[in-house]
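Asks: Just need the whole structure built from these sequences, with the hints factored in.
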Amino acid sequence: MLRILRDFSKRMLRSLFGKKESIKIGFYGPPNAGKTSLANRICKDWTGEDIGVVSRVPHETRHVQFKEKVEIKHKGKSLIFKLIDTPGIATKIDYENFLHYGIKKGEAKKRAKEATQGIIESIQWLDDMNAVVIVLDASENPYSQVNITIIGNLVARKIPVLIVANKIDLKKAEVKKVESAFPEYDVIGISAKEGINIEEFYEALFRLAKKV
Amino acid sequence: MKYKKLRGLSLQVIPFTEIEKLSISERVKKVLNLVLSNKIVIIHGRLRAEEEARLIEDTMALVDHVKNFKGIELAVIEPDLKDKGVFEKFKHGLAKRLVGDSEALTVVGPSSIVKEIKRDPRKIELFLS
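Heads up: the protein sequence lines correspond to chains A and H, in order. What the first sequence shows, in the working numbering, is residues 1 to 212, in sequence order. What the second sequence shows, in the working numbering, is residues 213 to 341, in sequence order.
These aren't lab readings, by the way, just hints derived from the structure by calculation. Treat the hints with care, since some could be wrong.
[What the hints assert, rightly or not] Okay, derived cross-link-like pairs now, DMTMM-like style, lysine to aspartate or glutamate, Cα gap no bigger than 20 Å in a straight line: (1) K210(A) - E199(A); (2) K330(H) - E200(A); (3) K113(A) - D270(H); (4) K158(A) - D186(A); (5) K104(A) - D276(H); (6) K69(A) - D128(A); (7) K279(H) - E96(A); (8) K82(A) - E71(A); (9) K282(H) - E121(A); (10) K177(A) - E200(A); (11) K241(H) - E290(H); (12) K327(H) - E71(A); (13) K67(A) - D128(A); (14) K82(A) - E21(A); (15) K282(H) - E174(A); (16) K113(A) - E269(H); (17) K109(A) - E290(H); (18) K109(A) - D270(H); (19) K327(H) - E96(A); (20) K77(A) - E203(A); (21) K77(A) - E114(A); (22) K335(H) - E290(H); (23) K282(H) - E114(A); (24) K177(A) - E290(H); (25) K110(A) - E269(H); (26) K109(A) - D276(H); (27) K113(A) - D276(H); (28) K279(H) - E107(A).
Values in this document were obtained by computation on a predicted structure and should not be read as measured data.
Replies: Below, the structure is given as C-alpha cells:
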C-alpha cells in the first residue's frame with residue numbers, strides 16, 4: 001500500500017513539475033547474450049551513436065559503459081534514460097577459451113583478468129539501477145544459475161525487471177522456453193542484431209519505466 | 213566402450229544447520245575453501261540471492277589470485293511447487309522462513325572438475341571434466 005502511494009506521488013510530482021529525470025536502466029545477463037547489441041540498437045535509434053563494441057568473442061564488454069540522457073519517444077510519450085551496459089556475469093573464466101578465437105596467450109590472459117574484474121563491477125552496480133533489462137540468448141538453456149541469481153538479486157532489491165529473449169533470428173531460438181522459465185516476468189523476444197520486434201521492446205520498456 | 217576413470221572425486225555435504233548461523237562472508241568462505249580443495253560441495257538448503265552474488269564476486273577475485281583456479285559451477289535444485297495446492301505452498305513458505313530453504317539443494321564445484329551443471333526444474337545433471 002505504502003509503495004503504491006509512494007509511486008503515485010512520484011508520478012504526480014513528475015507530471016506536475018514536468019521534471020524529467022533520467023531513468024537508470026541496466027542491461028544485465030550472461031556473456032554473449034547481446035546486451036551491447038541491444039544497447040547499441042537503442043543508442044543508434046535515438047542518439048545516432050553506439051555505446052560499445054560488439055564481438056563474437058565472449059567478455060568483449062569488460063567495463064560498465066553508459067550513455068547519458070537518451071530520450072526515447074514512443075506513441076506520443078517521451079522518457080529520458082541513462083543506459084548502463086554491463087559486462088556479462090559468469091561463474092568461471094578460463095583464458096584458454098579465448099585462444100579458440102585466435103587471441104594470443106598473453107592477450108587472452110589479460111582479457112580473462114579484465115573479465116573477472118568486469119563481473120565484480122557488474123554485481124556492484126546492481127544497487128544503482130532503477131530498472132533492469134535482462135538479456136538472454138533465446139537459443140541457450142535459460143535455466144542457468146547465473147540468470148536465476150541475477151533475477152533473485154533484483155527481486156531482493158525491489159528493482160523492476162524486463163526479460164529480453166534475444167537472437168530470435170537464430171533457428172535454435174525458443175522464446176517459449178524463456179517464458180516458461182520465468183513465468184512471473186514480462187518476456188519479449190527480439191533480435192537486436194536484425195532489428196526484429198524492436199517496437200514491441202520499446203513498448204515493454206515504457207511499461208517497465210512505469211514501475212520505477 | 214572405454215570409460216575414463218575418475219580419480220579423487222570428493223563430495224562434501226553441508227547440512228543447513230552447519231551454516232545457518234554463519235555470516236554471509238563466513239558462509240561464502242566456507243564453500244570456497246572446500247571448492248579450492250577440489251571438492252564438490254552439496255549444501256542441504258540454498259544460499260540467499262545476495263549470498264550467491266557474493267559467491268560469484270569472491271570466486272572472481274580468487275580466479276585473479278589463485279593459480280589454476282578458473283571458477284565454479286553452481287546450481288540450485290528446488291522442489292517444484294507449480295502444481296501444488298495453496299496449503300502445500302504455504303507450508304513450504306513457512307518452513308522456508310523458519311529454517312531456511314532446507315528443501316533445496318545447492319551444488320557448487322570447481323569448474324576444473326565440474327564442466328557443466330545442466331539444470332531444469334526437476335533434475336540436475338553434472339558433467340565432469
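Asks: Taking only the CA atoms, is the gap from K109(A) to E290(H) under or equal to 20 Å?
Replies: 37 Å, violated
Asks: Please verify whether K158(A) and D186(A) have alpha carbons no more than 20 Å apart.
Replies: 16 Å, holds
Asks: Next pair to validate is K177(A) with E290(H); report whether the Cα-Cα distance is within 20 Å.
Replies: 19 Å, holds
Asks: Would the hint linking K77(A) and E203(A) be met if the CA-CA limit is 20 Å?
Replies: 11 Å, holds
Asks: Is K82(A) within 20 Å of E21(A), Cα to Cα?
Replies: 9 Å, holds
Asks: With a cut-off of 20 Å on the C-alpha distance, tell me whether K177(A) and E200(A) pass.
Replies: 19 Å, holds
Asks: Given the hinted pair K327(H) and E71(A), is their alpha-carbon gap at most 20 Å?
Replies: Not OK: K327(H) and E71(A) at ~44 Å, beyond 20 Å, violated.
Asks: When you check the alpha-carbon spacing of K279(H) and E107(A), does it fall within 20 Å?
Replies: 17 Å, holds
Asks: Would you mind confirming whether the straight-line C-alpha gap from K335(H) to E290(H) stays at or under 20 Å?
Replies: At roughly 9 Å apart (the allowed maximum being 20 Å), E290(H) and K335(H) satisfy the hint.
Asks: Within 20 Å, alpha carbon to alpha carbon, are K104(A) and D276(H)?
Replies: Holds, at about 19 Å.
Asks: For a C-alpha distance cap of 20 Å, please report whether K113(A) and D270(H) respect it.
Replies: Roughly 14 Å between the alpha carbons, so the hint for K113(A) and D270(H) holds.
Asks: Would the hint linking K113(A) and E269(H) be met if the CA-CA limit is 20 Å?
Replies: 13 Å, holds
Checked against the numbered hints above, the structure breaks hints 2, 11, 12, 15, 17, 21 and satisfies the rest.
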